[in-house]
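Working from the sequences, and respecting the hints, build out all of it.
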Amino acid sequence: MSFYDLEDIIEASTIPGLTVITAPDLLRPHLAAGETCIWIGAPESIEFEGYGQGTCSWKAALVHPNFRDHLAALPELLEYASELEPRLSVSSIRPDTIDLAGTLYPALEISFETTFRK
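When you read off a place in the sequence shown, starting at 1, and then add 955, the result is the number in our numbering.
Quick caveat, the hints were computed from the structure, so don't treat them as lab data. Keep in mind that the hints are not guaranteed to be accurate.
When the alpha-carbon atoms are kept at most 16 Å apart in a straight line, the in silico EDC-like pairs for lysine to aspartate or glutamate are as follows [to be verified]: (1) LYS1014 / GLU1002; (2) LYS1014 / ASP1051; (3) LYS1014 / GLU1068; (4) LYS1073 / GLU1004; (5) LYS1014 / GLU1064; (6) LYS1073 / ASP960; (7) LYS1014 / GLU1040; (8) LYS1073 / GLU1002; (9) LYS1014 / GLU999.
Following this line, the structure appears as structure tokens:
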């Protein structure tokens, strides 16, 4: 039994030019291939608002392959974030980096929530 439907989140995150990743070991090969990715892991929290209903809070990372020039990657990352905002009801965006074996990749952390009712 799950309190969220990851397939719905993946579908909402599927945008041309953006690779959706749910397993962290897949991130590095896709970045090495020059792909911009959204990495979606498990929910940050699951809050119950009554029996069988509640909210899942999520943090996902938009990661750009241009590790040499983080500022140059920012406009593309922000464009993807603006496309994801209505699809996922993004509540905040925070600049970040992802460290993969000593290489820092530019990233945006996006936060959003999903609701469930069993």
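Violated hints, by number in ascending order, as checked against the structure:
none
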